[in-house]
Amino acid sequence: MHVFLCQGVCGPSKETTSKAAIRASAMSQAAPPLLSVRPTRGLVDEAFQVLVENLSPGVPVTLHSLHQSEDKHYWEAYGHYISTSTGVVSVTDDLSLGGTYQGKEAMGLLWSMRPVPGSRTGLRLRKMNVCSPMLVSISVYSGHVSHDFSQRPPLAAVLTERWFMAPGVRRLDIKDRGVRGTLFIPSGPGPFPGMLDMLGSGGGLLEYRSALLASHGYASLALEYFAPRELASADLELDYFEKAFEMLRHHPAVIPGRVGILGLSLGTKVGMYLASESSVKVRTLNCPVMLVNGLDDQTQPAVEFAEDIFHMMHSVGKDHLLTRLEYPDTGHLIEPPYSPHFRATNFIWDNKKGKGSLLWGGQTKPHSDVQEDLWTEILAFLQQHLYSRQSPRARM
Amino acid sequence: MEAKHRAVQLSVRPSRGLVDEKFVITVQNAPPGIRLTVHAFHRCEDGHGWESFAHYVSDTGGAIDVSQDSSQGGTYSGVEQMGLMWSLRPVPGSKPGLRLRKMNVETPMEFTISVHGGYLTEGFMDRVALASHAVERWYMAPGVRRIPVTKDQLSATLFLPSGSGPFPGVLDLWGGGGSLVEFRSALLASHGFASLALNYLSPRISQETGKMVDDSYFETALRVLQRDPNVVGTRTALVGLCLGSSFCLKMAAYSSSVKPRCLVCVSGTHVIPSPATFDYRNKASAKCRYNQDNEVISRDVLLPLLASPALKVDVGRLRCPLLLIVGQDDQNIPSYESAMDMKAMMEQAGNSHLLTVVSYPHAGHLIEPPYSAHTRSSFFRSMVAGQKTAFTFKALWGGQTAAHSHAQEDAWKKMLDFLWEHLYCGVAPPRAHL
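Going down the list, the sequences are from chains W and A. All residue numbers for the first sequence refer to our numbering, where the first residue is -13 and numbers rise by one. All residue numbers for the second sequence refer to our numbering, where the first residue is 25 and numbers rise by one.
Hints are supplied without guarantee of correctness; some may be wrong.
[Claimed, not checked] To give an idea of the chain A side of the interface with chain W (calculated C-beta under 7 Å), a few residues: (1) P38; (2) S39; (3) T50; (4) P56; (5) G57; (6) N128; (7) G141; (8) G142; (9) A153; (10) A155; (11) H157; (12) S188.
FYI, nobody ran anything at the bench for these hints, they're computed from the structure. The C-beta atom is built at its ideal place from N, Cα and C for all residues, glycine as well.
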C-alpha cells in the first residue's frame, strides 16, 4: 500500500521534487482506500458508522480520531484493526485489537479520546460555544500505529461535525430579575415542556446539556449559579433557584405544568430541594424522581445520599415515585453519550486558595457504556413524564 | 394533562444530512387514530416558496412514521420515506415554470417540516402547526473544499473531498442551460471524488469572443484536473448530463489526450455537438411540437439525425466503460433511442462489452441527485455561441413524479457504484453507498 504525502488542506500546493516522485509512483500503484463516516454531521448523541473499503485483504490498519478543543488542546483516540477478506474495516462490526479502546465499539473513537501525549495533565473536554459543532477528524493509517500520528500521513481522512444544537434550536441569554442563564428553545412553534438544568458546582455556565435537551424537544434553562471566580464562598440562596424555576414555568415557550429538573452533583441536591418545597423535606416530594449514581463516585458519598433519600420517601409511602439507577465502576461525571471520560481533572476551589486534582472516578469503558445507557434512560424518563399523555407513574 | 397542552412531537432524524441521505420523520404523542398532515416548506434562493404535504392517520399509540406508514394522499401517496423532498412544488400563486436548484452549494438547503391536525391541502402558512422542525440538507460534506478555477482561460469550480488525498477525479459537464451548475460536483466530492464542474457554454472566454469553445477547452479542463496535486491523474472519469453527455462522448471518442477510465452519460445523445448540429437544432426548435399546456416537446428534433452516421459520435471508437442512464419518458431529447442506437453501433464495432445501459420507464430528462424535486416542465433559455438566445420557452422534461424520483435514487447509486468500481478499483460493491 503506497502512502501519499500531501501538504496543506486548502487548495493545490507547489510541486516539489519529492512530490513529483511520489506522484510518479502513484501512477502505477494500487487504488486508494475509501473512508466513509455516516453521518458526517450529527448530534453529539447520535451514533455514526465508520467504514474503510478498498484495502487489501488481511492488512493491519489504525482508525484514528483527532479533535482540537476550544482551549487548543488536542484529543485523540485510536483502534487497531485487520481488514477482512474483502478489504473492509467496519468499526461498527469489527473488533479493535488494541488502542484506546478494544472490542466491538462503534463509538469508541469518541468516548475513548484522551489528550495527546505531551499535553498538560488533568484536562477536561467541554464545549463552551454550543452554537458551533465539535470538529473531529477521522483517519485511517497503514499498520498498527500507537503514537506520533501527526508525523505520518494517513491513507485517508474525513472530517465530521458533532452538534449540540439541532437546526432551528434557539439560544437566548437570560438575565431576568437576578436569574442568570441561557435558555435553549427547541425548533418549532411550541410551547414545550421545560427543563431546569443545573450542571453542578463546576463554576461558570455549561450550556451543552441544555442545548442537547432542546434538540430533543425540551425548553431547557442552563442555570448559572456560580459565576466564575465566585466559587464556594457564595452561599447558595435557595430562593434563587425557586425564582429560576418560576421564571421558566411562566416563559411563553414553556408548558407551565410540565417542567422537570435535571441535576448533576451539587445540582442534584438543589433539585431535590426545589421539588420538595423546603430545604430538607424530601418527604414532601410529589413528583417522580430519577436518582442516578455511579458506584465508583469518588467525590461524595452519593450512594449513601441516595439511600437516605430512599428511606425518607419510603417512610411516607412515596418510594414509588423514585427511580434509582446505580452503575458499578462509574464515576461522578456522567455526561452525554460518547463524551470522553475523565477519571481526574484539574479543579480550583475556595476562591483560588487551593488547586489540585479532583478524582471523579470511573473506569473508562464501563463509564462510557453507562453514559450511553443513562442518556437513553433520562430521555425516556423525560418523555414519559413531560410529553406522554398518560398521567405520570414512576417505574419501580 | 390539559388537552390544549398535549404536546405533539415531531422528529426528523437526522436533522442535518447530505441531500442524498435519507431521513426518518416521526410524529409522537398525537391522539390515536386521528388525521394529520405532514408538510415540508422551503424558500429557494430566488425567493420562491416550495412545499409538499402528505396525509396520515396516527396509530393506536398516537404515532406516525413516514418511513413505514402509507400516505393517504397529498403530493405523494403510499409509503415514501423521502416523498416530502421529491414531491416539492411551488406554492399556490407562484410564477409558472419554476425549477428548484441550489446554486450556492456552500450553504445548506433549509426546510421546515411540520405536522398539522386534519387533512390539509392548502393554507399551511396561515396556521400554527402542532409541531415543526428545521432541517438542513447539504451538498457539501464537512471538509469538502470549493476552489474556483480560472487558469488557462477555464471557467470552472473544483471540489475536493475531505482529507489529504489525492483522489480520483471527475470532469463534470452539466446540460445545455448555460452557467456553472455545481451541485453534482459538490456531492461527488462528498463521496470521495475530486470533481471539476466546467462551464463550457458561457465561460468568460466565450462571452469575450462571442464564440463557442472548441475541443481544446475540454482537453485543457481535463489536463488541469489530472495535473492537480490533489488528483490521481490516471484515475479520471467524464460525467455528463444532456448536452454535457454529448461532449463527453465526443471527447472520449476523438480526442487523443482524453483517456478517462470510464464515462457516465445521463439523459444524453451521441449526436455530435457541433456548430452544424446546433444550427439544425435552433432552426428545428421553431417547428417543435407543443402539448396542451404550451410546453415544448423537443425530443423529435434530433431523431432524424440518428440515421446519419456522419452526425453521430462513433461510439465504436470508445475504449473505456460507458454507463448510459436514460429515462424513457424523456420529452426533451431522444435519450432512450440514442442509447439503443449506441448499443447497436457498439455491438457492430465489437466494443459493446464496455456498455451498460440503465433505462427507467417513467423517468424524464432531468435525472438529478436523489430526492431533488421533480420538475416535469420549466422555463428554459438555450445557449447559442456562448450567448443566451432571446428564445425562452417552457420545456417539457417529462417523467411521472414518483417513478422519476425512484429512478433518481437508483440512478445515483448506480453512478456512484460505477465510478467507485472504475476509479477506486474495488472488488466488491461498496457498502458505504446508499
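Hints versus structure:
1. P38: Where the cut-off is 7 Å and the nearest Cβ of chain W is about 5 Å from A/P38, the hint holds.
2. S39: 5 Å, holds
3. T50: 12 Å, violated
4. P56: 10 Å, violated
5. G57: 13 Å, violated
6. N128: 17 Å, violated
7. G141: A/G141 check fails; min Cβ-Cβ to chain W is 13 Å, beyond 7 Å.
8. G142: 16 Å, violated
9. A153: The hint holds - A/A153 has a Cβ within 7 Å of chain W, the shortest such distance being about 6 Å.
10. A155: Holds, about 5 Å.
11. H157: Given a least distance of 5 Å, the restraint on A/H157 holds.
12. S188: 4 Å, holds
Hint compliance for this structure: hints 3, 4, 5, 6, 7 and 8 are broken, all remaining hints hold.
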